[in-house]
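Given the sequences, and given the hints that come with them, work out the whole structure.
Line by line, the protein sequences give chains A and B. Quick note: the first sequence uses this note's numbering, first residue 8, plus one each step. Quick note: the second sequence uses this note's numbering, first residue 456, plus one each step.
Don't take every hint at face value.
DMTMM-like cross-link-like pairs, simulated, lysine to aspartate or glutamate; straight-line CA separation at most 20 Å [said to hold, decoys possible]:
1) Lys705/A - Glu534/B
2) Lys58/A - Asp131/A
3) Lys705/A - Asp599/B
4) Lys125/A - Glu93/A
5) Lys680/B - Asp464/B
6) Lys404/A - Asp599/B
7) Lys404/A - Glu542/B
8) Lys554/B - Glu791/A
9) Lys523/A - Glu536/A
10) Lys404/A - Asp464/B
11) Lys404/A - Asp597/B
12) Lys404/A - Glu534/B
13) Lys554/B - Glu287/A
Okay, the calculated bits of chain A under chain B, using three or more residues with CB under 8 Å as the criterion [to be verified]:
14) 401-410
15) 697-703
16) 745-759
If the Cβ cut is set under 7 Å, some of the chain A residues that face chain B in the computed set are [stated by the list, open to error]:
17) Val74
18) Gly694
19) Ser789
20) Ser790
By construction, these hints were calculated from the structure, which means they are not laboratory data. Glycine is no exception: its CB is placed at the ideal position from the N, C-alpha and C atoms.
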Amino acid sequence: MIFDILKRDLKRKKTMNIIILLFVILSVMFISSSVNNLISITGSLDSFFDKAGVSDYVTFERNGGSVMVKDAVKNAEGIQQFKQEECIFLSSREFIGHKSLLENQNATASIISCLSHKIENYFDSNNNEIIHVNDGETYIRQSDLDNSGAKVGDSVKLTVGNISRILTVKDTLKDAVLGSRMMGNARYLISENDYNAFMEAKPLEPNLFYISFIDTDDIASLENAINDCDTIVFNGKRSMFSFTYILEMVIVGILLVVSIALIIIAVITLRFTIGFTLSEEYRQIGIMKAIGITNRRIRSLYLIKYMFIAIFGAVIGFFLSIPFGSMLLNAVSSSIVMDNNNRLLYGILCAIAVVGIILAFCFLSTGRIKSFTPVDAIRSGTTGERYKKKSVISLSKSHARPIFFMAVNDILSSPKRFLIMLFTFFVGISILMVCLNVSSTLQSRKLLSWINMADCDLAICENGAVEKYLVEDGRDKLLHRIDDIKTALKNNNWEAECFIETLTGVLIKYNNITIKTRGVEGINISPEEYVYLEGSAPQNKNEIAVSYLVADKLGTSIGDTVLLTIGNEEVECMITATYQTMMTMGDNIRVYPGQTFSYDKLVGLNEVQVRFKDKPNAAEIKRRISIIKELFPDDKVMNAGEYVNYCTGTVSDVVHSVAMLLLPIIILINILVAVLMEKSFITKERGEIAMLKAVGFKNISIIIWQTFRIGIVMISAVLLSVALSHPVSRLSTGFIFQMMGAKNIIFDTDTFKTFIIYPAIIFAATVFSVFLTALGIRSVSSSEINSIE
Amino acid sequence: MAKILEVNDLCKTYITNKRQNNVLRNVSFSIEKGEMVAIMGPSGSGKSTMLYTVSGMDSLTAGRVLFDGRDISAMKPNELAALRLDEMGFIFQQMYMLKNLSILDNIILPARQSKSGNLSAKEKLERGKALMRKLGIIEIADNDINEVSGGQLQRACICRSMINSPKIIFADEPTGALNRQSSNEVMNELCKINAEGTTILLVTHDIKVAAKCSRVFFIVDGNIKGEYNLVGTDERANERALNNWLLEMGW
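Spelled out as structure tokens, the structure:
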């Protein structure tokens, strides 16, 4: 008999059961694939670094330092192995036939390597180690191809000084140390012959670059020893380099959050459905009790039903998670050599966990069955529902049309019924808003100020900047370049301030702690133009501002005096301010202008920034950029937002693509929840609908009443999401910014897109689905009124 | 007297599981304005179906129903809804009201929904209160529907049916869920309403209820088998006479 009842129930509540099934499928599919991928990536990273032969410590060093790493390590204790590879900075690179080449170039950050110098093992797209590169061919990482809109087989023109070569992209490169999206320096692996040809370039010295792998059991001693190396651009432990792959995990991480939200929504929806089913079937349950069926047996009826749905859904979800997970993993596996470990096991465990959670929840929710008595079954005229809440507003005091009044009154009178929807809609919209906020902030002009960069209207990125300016007379050349830009702008009647930032390796000592960091100096700009977290800008050469990361490392605060070593010069400086920055992952100090420096010892150079004095609007800036592009045809000209995106490794684009992936998922979840709710409302309110029809309400009025209620909930969810958008964004993604060096970010929202366009799309899709579901009231006949329980 | 309802050769057929079920077979009758007519008959004879079909709540298979001279069988669903809202009142055995509204709000709901007439929202509210006062339930105006007795709730349903001053009230077992005392009170109210000129067509199993009407149709197997006119004013005598007639008809 139980299976007969079960069969009938599955048939009768087809839509509701299908929606629950879909939730289980989605939950299992998402959680299985994201947990799988997360475990795979974190597990694979370590083995990838092992296969690549990455040592305990890695340094990137420019040529020409007073003390080079290979010499400095001789003074360190515990060194087990030291390997060094020579590379060359590119002056420019150009994908042949790609119109977007200037828009996407990042030439100064790219290097070339060849296998004969290698200290690291490289892998191709099939995870095979690259043991030979043909002349005229190159391997580059997938993210660089993506950013340039290029593909394997395309040709790329590489230039160092006066030497250029056109090479064919043979395949993509999996490069453990420089392969992550967060690493700005892209490597071009070329043949030895091509490499030797570039070694003939003039000038070459400024472009030479060394990567060192050091195995040691005394990192502190090593770091102490390399403090004297003044041309180290970047250095860190192996763990820091594997940490740079965090951005590759953003999609997987966000989907994990979505999965957890989905499971919560599935469980809450299930609770609502069970509650609804029990109140609807009180009579049936009462009769079963009256004829002597025990509570346990009745409860098992429902448990079997949901167990069947949960297991069926989990099996489908698990199988769908395999291709879905692989699809998500594709983005990551193009830069990491993935382990072929048994990933199915995690998927199965996740599926079992979801089934377990659902059944545990079912068990708890069906506890109400105990309280039903046979008398409930016999009683007529009531639905078994217990009323608690009185109507809170009055039609007699309202001027609203009855259907609108009824919609609002229903929500206020039974808020619990609508809270599930509010929660679901809020969670979905909030997740989307967070992604959009992060994406828009990471390409917002305002971010410049918040990360201790000077505000500007545009930036000009010049090819070959390394060999031009990172030389002894670089400062003069740079000032000359800035003057050229100013003059060109003035010729167009645009008065503008032009400035740039240089980075030098510095040692900073406080008490007994000495750390190596980067000194940032603004050329042609006062330190007062920057925004600080605390304190005031340095006013003279004996004052510096430090990033909060440096302050934390040293244990200093504003007012403390530190000993600063720049080149051969030692100077005592007072800390006047702290700031946050994303440059060099937040690890730098700001020095007063004019202290620098021998430019051949510079470890980095930002782009020339331009700020017009007449404060043009965005449209005018766009117009001017197009003219400036014609004035400097070999350079990349970006507006402030694009410059921020460029500086942050186009993370914004990754997060935006996640948001676009989430949009259809959120719409689907909203539609499922809304349809489920509306279906159950229609079933529950069948008598009221029949009565309204009997007294003369038209179908369309009743449909509007039903739709309007959910529309109100949807609007409330949007308003709530908008109101909490910034705190939720800060709470959920603050760690990403902190990871990049900024602990106190004010999100810059694209109001129109984030608060209007996307919520409007979700609103329209959800409300339309409710409207279509509400059309079901047409099948309720007013003449049924006396036969409806 | 003018006819408010004229039914000719009304047929209603349901098709269930490919089987044809003729619930009403060529039913013809008419009701004059101001009449109070009861429909009686055994269970499953088609009483409620007839009530719902002639009131436009359910579609008819064949025949013609003229309401106040208009053919409702040719009307579209929205026209029928407007007709029910403005010119008809309904009372049911199940005292359906919207759970989230107070009694008074439920009563004035059809008035607020109606676009005909020139009454303001305030006047509609006053009319609702006046009806409640008249039926002796004004004290429950602000109550929720679960806070009142069945009798009070049915009287509230009567108020709702009267709110738009209908030409006719259709009542399906209006006392079916009430005890005897409540049943008497409700019927007395319906009689008063009828006495004031509103036509009433009701379905009942209760001879005491039917005896308060001016005419009774006895329906068996979807056909009116007989019609009885109650002429006297003595309720007990009417009940006895009706009882005898019903026994003759095979009740």
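Verification of the supplied hints:
1. Lys705/A - Glu534/B: holds, 9 Å
2. Lys58/A - Asp131/A: holds, 13 Å
3. Lys705/A - Asp599/B: violated, 25 Å
4. Lys125/A - Glu93/A: holds, 8 Å
5. Lys680/B - Asp464/B: Holds. Lys680/B to Asp464/B sits at ~14 Å (cutoff 20 Å).
6. Lys404/A - Asp599/B: Since the Cα atoms of Lys404/A and Asp599/B sit roughly 16 Å apart, the hinted pair holds (cutoff 20 Å).
7. Lys404/A - Glu542/B: violated, 25 Å
8. Lys554/B - Glu791/A: This hinted pair holds, its Cα atoms lying about 18 Å apart.
9. Lys523/A - Glu536/A: violated, 26 Å
10. Lys404/A - Asp464/B: Measuring from Cα to Cα gives roughly 47 Å; hence the hint is violated.
11. Lys404/A - Asp597/B: Between Lys404/A and Asp597/B the Cα gap is close to 12 Å, so the pair holds against 20 Å.
12. Lys404/A - Glu534/B: violated, 29 Å
13. Lys554/B - Glu287/A: Status holds; Cα separation ~16 Å.
14. 401-410: holds (count 7)
15. 697-703: holds (count 7)
16. 745-759: violated (count 0)
17. Val74: violated, 81 Å
18. Gly694: holds, 5 Å
19. Ser789: The hint holds - Ser789/A has a Cβ within 7 Å of chain B, the shortest such distance being about 4 Å.
20. Ser790: Ser790/A check passes; min Cβ-Cβ to chain B is 4 Å, inside 7 Å.
Consistency note: the structure conflicts with the earlier hints numbered 3, 7, 9, 10, 12, 16, 17.
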